Amino acid sequence: MLKIAHIITGLDTGGAETMLYNLLAYQQEDDTLQAEVYSLTDIGTTGQRIAALGLPVHALGMTPGLPNPLLIVKLARWLQENQFDVVQTWLYHADLVGGIAAKLAGNIPLAWCIQNTRLDTGVESSRTIWIAKQLAWLSRFMPDRIIAAAEAARKWHVGLGYSDEKMVIIPNGFDLTRFQPDSTARAEIRAELDIPPDAPVVGMVARFEPVKDHANFVAAAKALHEINREAFFVLAGKNVTWENDDLSAWIAMGDMQQQFRLLGLRNDAPRLFNALDVITLSSRSEALPLTIGEAMACGIPAVVTDVGDAALLVGDTGKIVPARNPEALSLAWNEILALPDSERHVLGSAARLRIEQHYSLPTIAAQYQMLWEEIRSSTTKK
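In this note's numbering, the protein residues as written are 477 to 858.
Note that these hints are calculated values from the structure, not bench results. Owing to the predicted nature of the structure, the values given are computational and were not obtained by experimental measurement. Please note that a few of the clues may not be correct.
In silico SDA-like pairs for lysine to any residue, Cα to Cα no more than 25 Å straight-line [as the list claims (entries may be wrong)]:
id: 1; residue 1: Lys-479; residue 2: Thr-604
id: 2; residue 1: Lys-479; residue 2: Trp-554
id: 3; residue 1: Lys-642; residue 2: Asp-518
id: 4; residue 1: Lys-479; residue 2: Gly-541
id: 5; residue 1: Lys-698; residue 2: Lys-579
id: 6; residue 1: Lys-579; residue 2: Ile-548
id: 7; residue 1: Lys-714; residue 2: Ala-745
id: 8; residue 1: Lys-479; residue 2: Leu-531
id: 9; residue 1: Lys-550; residue 2: Lys-642
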C-alpha cells in the first residue's frame, strides 16, 4: 500500500485543482494506493467533488497568502500521525508550506508539482513571485522530485534557479471516457443557449484573469464578426458573466451582445465542448491547458496561442498563433470555420486521437504512481 498526502493551496476551480481531481478519480479504484487531500485554505468546489469520491479532504483555513506557523505545525502533525509514504504538493504556496510540513513530520518523501509556465509581474502577485524565487533556492534540498506539467514550465523554472536534476515532465492527462464526441449534447446545448444548429461557434473555458487575456478573445471576435455575422462566441469560467463590467464593456464596444453567451462556471464541460466548432485559448501564459485537451478529446479542433506547451498539445490537429495578436487569432478561427463539415470533423477526429496517443489519463496516472514509488524506495534506501 502506498499512502499519498496531496497538499494544495486551495480547492476552488482551476487547472491544477482539476488535474488533482482527475488523478484521484482515476486512481480511486486502485487498491495499492490510499490518498488524502489537504487544502491550505478551504474545501472549495473541487474539494466537494473530491469528497464525493469518498476520499478524506481537510482544510487548514489559512488566510490566502499568509502562512500560519501554528497551522503548518498542525499539518505536520496530521502527516506524521497518518504515516504517509509520500507528500505530493500542488502550486507554489503548497510547495512551500507542504514542504516544510513534510520535513517537520520526519522527512517524508516529497514531490512538488509546477503548473505555471512562467510568472510575470503585473499578472501574478508580488508575493507569489517572491515565494517562487525562494522555492528555487529550496529546490536543491527540500523536494525529492519536481514535476513540471510542461517542458516550457521546466525550462523557465530552471532559468529561475530550480534544480534541473530533480525535474521530471508529467503532462496533464485527460479522461477519454468522460470527454468524447456527443451529437446529442451538441444539439441540446445549442438549443439551451439559443444558438442555431448550424451556426459557427467559437468557445473558450477559462476563469477571468489577466493571464487568460479575455480582451484578446473579444478583439478577435470583433474581427471575425466583421466578416461573419453568423458566428457565435461562448465563454465560460469563474467571473465570466454579464455582471463582469470589463468583459461586458469590451463586448458592447463591438456591438456583439447578441452573438456572445457568457455562462460563468459550468459543471457540464463535456456537453459544452460538444456544442462548439472551435475551442480556443487566448492566454498570455499557460503550462499545458486542460480545457484544450478536454475539448480535443471531444473531437473539437483547437486554435491556441503559442504559450507553454499548448502548441505541443495541439500538434498538427489545429492552429497555433502568437499571443496578444487578435488578428492572427481571428484569422485562424475563420480558416477552421471555413472548412467543409467533413474536413472539420476529420480534424476533430485527429485531435481526439492525439490526446488518446499522448495524454490519456491512465498513462499519466501511471507516471505519477511510478514517481511516487521511486522516491519512496530511494528515500528508504538512504
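Against the structure, the hints come out as follows:
1. Lys-479 / Thr-604: 29 Å, violated
2. Lys-479 / Trp-554: 13 Å, holds
3. Lys-642 / Asp-518: Since the Cα atoms of Lys-642 and Asp-518 sit roughly 30 Å apart, the hinted pair is violated (cutoff 25 Å).
4. Lys-479 / Gly-541: 28 Å, violated
5. Lys-698 / Lys-579: With a Cα-Cα distance of about 53 Å, the restraint between Lys-698 and Lys-579 is violated, given a limit of 25 Å.
6. Lys-579 / Ile-548: Distance of about 11 Å is within 25 Å: holds.
7. Lys-714 / Ala-745: 13 Å, holds
8. Lys-479 / Leu-531: 12 Å, holds
9. Lys-550 / Lys-642: 28 Å, violated
When each numbered hint is compared with the structure, violations occur for hints 1, 3, 4, 5 and 9.
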